[in-house]
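Novice: With the sequences and hints as input, model every part of the structure.
Listed below are the residues making up each chain.
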Amino acid sequence: QKEVEQNSGPLSVPEGAIASLNCTYSDRVSQSFFWYRQYSGKSPELIMSIYSNGDKEDGRFTAQLNKASQYVSLLIRDSQPSDSATYLCAVCPGTASKLTFGTGTRLQVTL
Amino acid sequence: NAGVTQTPKFQVLKTGQSMTLQCAQDMNHNSMYWYRQDPGMGLRLIYYSASEGTTDKGEVPNGYNVSRLNKREFSLRLESAAPSQTSVYFCASSEGYGGLYEQYFGPGTRLTVT
Numbered sequence: 001q002k003e004v005e006q007n008s009g010p011l012s013v014p015e016g017a018i019a020s021l022n023c024t025y026s027d028r029v030s031q032s033f034f035w036y037r038q039y040s041g042k043s044p045e046l047i048m049s050i051y052s053n054g055d056k057e058d059g060r061f062t063a064q065l066n067k068a069s070q071y072v073s074l075l076i077r078d079s080q081p082s083d084s085a086t087y088l089c090a091v092c093p094g095t096a097s098k099l100t101f102g103t104g105t106r107l108q109v110t111l
Numbered sequence: 001n002a003g004v005t006q007t008p009k010f011q012v013l014k015t016g017q018s019m020t021l022q023c024a025q026d027m028n029h030n031s032m033y034w035y036r037q038d039p040g041m042g043l044r045l046i047y048y049s050a051s052e053g054t055t056d057k058g059e060v061p062n063g064y065n066v067s068r069l070n071k072r073e074f075s076l077r078l079e080s081a082a083p084s085q086t087s088v089y090f091c092a093s094s095e096g097y098g099g100l101y102e103q104y105f106g107p108g109t110r111l112t113v114t
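Sequence order for the protein chains is A and B.
Residue 1 is where the first sequence starts when you use the numbering used here, and the numbers rise one by one after that.
Residue 1 is where the second sequence starts when you use the numbering used here, and the numbers rise one by one after that.
These aren't lab readings, by the way, just hints derived from the structure by calculation.
Yeah, the Cβ is synthetic: ideal placement off N, Cα and C, and Gly gets one too.
Treat the hints loosely; a few may be bogus.
Claimed, not checked - Take a look, some chain A residues computed to stay more than 10 Å from chain B by CB distance:
(1) N7
(2) L11
(3) N53
(4) G59
(5) R60
(6) L65
(7) Q80
Claimed, not checked - Simulated pairs of lysine-lysine, DSS-like, Cα-Cα distance not exceeding 25 Å:
(8) K56/A to K67/A
(9) K57/B to K9/B
(10) K9/B to K71/B
(11) K57/B to K2/A
(12) K71/B to K98/A
(13) K9/B to K42/A
Stated by the list, open to error - Derived coverage of chain B by chain A (criterion: at least 3 residues anywhere in the stretch with Cβ under 8 Å from a Cβ of chain A; other residues may be distant):
(14) 35-48
(15) 96-103
(16) 106-113
Specialist: This is the structure in structure tokens:
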């Protein structure tokens, strides 16, 4: 089992819809969770970090964390074509440990 | 404020050649990292420097060496390049080391080894 798993996609959503991206992780003691956006040919760009169970909102983005079920998700409201990218989930098992990245989910927002 | 910068952007090497990838950050961050990204493999940590004066191996360190030149700069050296090192290399930095700190990435170096 991979440490951090994401569906590779592509996930296709129409413009204006909610895109839901999911990530599961295997290490039960994971403490920190990050979502990065990566456009084709570009570097990862941090979108959000989340450390506690529940929801964290930032503009059109909402991160949701459920440690009991070992998953973290990213919701993108009012999806725009400019949101079309690969979204990487990263998990850190402890406060003094290294990040483990998933392979990413490719999102396509269609007109 | 440029954030994290990397040079070169592109490089083609022949097998056995050596080269150094340069990384610098202007955010006064203490920790710096080198990753490689390959299709279907995700980002994998090569080496990291938790603080100035320290370096440690990551998940895939074989064939690489690093130098933390000062607080701003962290270089990655390939002593004898192999085709398996064809990849995109990203440098990242964070205020501190570990999961409480967000990492910020440079633009990357696309390396091809023939």
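Novice: All hints are to be evaluated individually against the structure, with a verdict given for each.
Specialist: Hint check results:
1. N7: 13 Å, holds
2. L11: Check passes; 17 Å lies beyond 10 Å.
3. N53: Answer for N53/A: holds, closest chain B Cβ roughly 16 Å.
4. G59: 17 Å, holds
5. R60: Check passes; 19 Å lies beyond 10 Å.
6. L65: 13 Å, holds
7. Q80: Holds: least Cβ distance 23 Å, greater than 10 Å.
8. K56/A to K67/A: 14 Å, holds
9. K57/B to K9/B: 24 Å, holds
10. K9/B to K71/B: OK: K9/B and K71/B at ~22 Å, within 25 Å.
11. K57/B to K2/A: Roughly 21 Å between the alpha carbons, so the hint for K57/B and K2/A holds.
12. K71/B to K98/A: Holds, at roughly 20 Å.
13. K9/B to K42/A: 11 Å, holds
14. 35-48: holds (count 7)
15. 96-103: holds (count 6)
16. 106-113: With 3 residues in contact (Cβ-Cβ under 8 Å with chain A), the coverage given for the stretch 106-113 of chain B holds.
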